[in-house]
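If you count by the working numbering, then the sequence shown holds residues 9 to 96, one letter each, in order.
No wet-lab data here; the hints were simulated from the structure. Fair warning: there could be bad hints in the mix.
[To be verified] List of simulated lysine-lysine pairs, BS3-like, C-alpha gap at most 25 Å:
#1 Lys85 to Lys16
#2 Lys96 to Lys44
#3 Lys82 to Lys23
#4 Lys27 to Lys14
#5 Lys82 to Lys27
#6 Lys92 to Lys44
#7 Lys82 to Lys14
#8 Lys82 to Lys96
#9 Lys44 to Lys23
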Amino acid sequence: MESIWKQKGATLSDKSARKEFGLTQDEIYAAMRAGKLQFQQNCMHGNPWFRLLRHEVESLAREKHGKDGLRRKKLQKELADLGKEARK
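All chains should be built: construct the whole structure from the sequences, respecting the hints.
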């Protein structure tokens, strides 16, 4: 069986998590320290970033913003993606 870290769409960066789920950097770091988020630290062009598991980030966002807040964020992201696609 393939590792979850290698499955397409199963991970995202900390920056994407902030943008997609409306979390702050402090909330993500606090969850990482508390053991709520597994992470892998990577570095690109000398800039460090964290790779997170999507399902854990979704759980954290649901905990912080509630079920409706998470659904709203997902719909906003889908709408933004559709707008990008339409502009192309």
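Here is how each hint holds up against the structure:
no.: 1; hint: Lys85 to Lys16; result: holds (19 Å)
no.: 2; hint: Lys96 to Lys44; result: violated (38 Å)
no.: 3; hint: Lys82 to Lys23; result: holds (16 Å)
no.: 4; hint: Lys27 to Lys14; result: holds (22 Å)
no.: 5; hint: Lys82 to Lys27; result: holds (11 Å)
no.: 6; hint: Lys92 to Lys44; result: violated (33 Å)
no.: 7; hint: Lys82 to Lys14; result: holds (23 Å)
no.: 8; hint: Lys82 to Lys96; result: holds (21 Å)
no.: 9; hint: Lys44 to Lys23; result: holds (17 Å)
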